[in-house]
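Q: My request is simple: use the sequences and hints to build the entire structure.
Under my numbering, the first residue of the sequence shown is numbered 1, with each subsequent residue one higher.
Hints are computed from structural coordinates only; laboratory data are not their basis.
The beta-carbon is built from N, C-alpha and C at its ideal position, and this holds for glycine as well.
Label pairs and their in silico Cβ distance ranges:
1) Arg116 x Arg195: 14 to 22 Å
2) Glu130 x His254: 23 to 31 Å
3) Asp73 x Ala287: 38 to 46 Å
4) Arg39 x Glu285: 22 to 30 Å
5) Glu285 x Ala231: 30 to 38 Å
6) Arg149 x Glu228: 23 to 31 Å
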Amino acid sequence: MEDGVGERVLVTGATGKVGGALVRLLADAGRDVKAATRRPWAARERLGELADEVVELDYGRAETYDAAVEWADRLFVVAPPFHPRASDHMSSFVDWAVQAGVEHVVLLTAMGIETRDDLALRRLERLVEETGVAWTFLRPNIYMQNFQRGFLRREIQGEGTFHLPAGDARISLVDARDVAEVAARTLSGDRHVGRAYTLTGPEAVDHHRVAAILGQAAGRDIRYVPTEDDAMCQRLLDLGWPAGHADVVVEFFHSIRGDERARVTGDVEEVLEHQPRGLEAFAREYAETWR
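A: Here is the structure:
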C-alpha cells in the first residue's frame with residue numbers, strides 16, 4: 001500500500017540520531033514500529049510508548065535476530081559508520097531478515113561510498129543488492145547534530161574551540177531530522193525502491209564558518225582549530241575508541257580534505273518536497289548547547 005499504513009517496520013539503531021527520530025515519525029503517522037538496539041533499556045527510556053515493542057539486537061550475536069525480525073515487513077538498517085568490518089558484522093543479519101520475509105530494506109550508509117568498493121559500507125550495499133530484496137540506500141553527509149553532543153560539544157562548552165583534521169575544506173552538513181524524514185518517506189510504499197539518495201544540507205561551508213555560526217547563535221566566541229590526523233586519532237583512543245574505529249575516522253577526514261563532502265544535492269528536497277534545514281536555523285534552535 002502506498003502510504004505504508006498496516007505494514008510493520010523494524011527500526012535498528014533506535015537510540016541513535018536518525019533511528020530515534022524515525023521511530024517518532026513512524027509512530028506519529030500511525031505505523032506499527034518495532035525498535036531494535038543493543039541497549040533496549042536506553043531505548044525504552046528514550047522512546048517511551050512510541051514503539052510497539054523494543055528488542056535487543058546485536059549484529060554480532062545471531063541469537064538476537066529472531067526476536068528482532070519476527071513480525072517485520074520493512075527494515076531500516078543503520079550501518080555503523082566507523083566500523084572497519086561493518087559488512088562482515090551485518091551481512092548475516094540482513095540475510096536472516098530477508099529469509100524471514102522482510103520485503104524492503106532501507107539501508108543508511110554514508111555519502112560518497114558508491115565509487116569505493118573497498119569500503120565496508122559499500123560492500124554492505126552490494127550484499128543487500130545481491131539478496132534480491134527490494135532496497136533503498138540513504139547516503140547522508142555528516143550530521144549537524146555531531147556538534148550537539150559528544151567530545152565536540154564538551155570542547156566548545158569548556159574551551160570555546162573545537163579541533164578537527166578537516167583543514168579548510170567545505171562540507172554540506174545535513175540535519176539528522178531531515179534524514180529521518182527521508183527514511184520515513186522511503187519506508188512508505190514502493191516509489192523509492194531501487195533508489196540511492198545522497199542527503200546533504202542546502203550549502204557547503206568550512207569549519208571556520210561552522211564555528212562562526214555556532215558562536216553567533218550562542219552569543220560567544222567559538223573557534224575552529226585545524227589539527228593533524230595523529231592528534232585526532234590519539235584523542236579518540238583516549239576517549240576509549242577501538243584503534244580500528246579511530247583509523248576509519250581519520251581516513252574519513254581525508255575525504256573531507258579532498259572536498260568529497262562539499263557536494264550539495266537536491267535529494268532531500270526531491271523526497272520531502274521542501275528544502276533541507278540549514279545550519280544557521282539549526283544553530284539558533286540549539287544555541288543553549290554551546291553556551
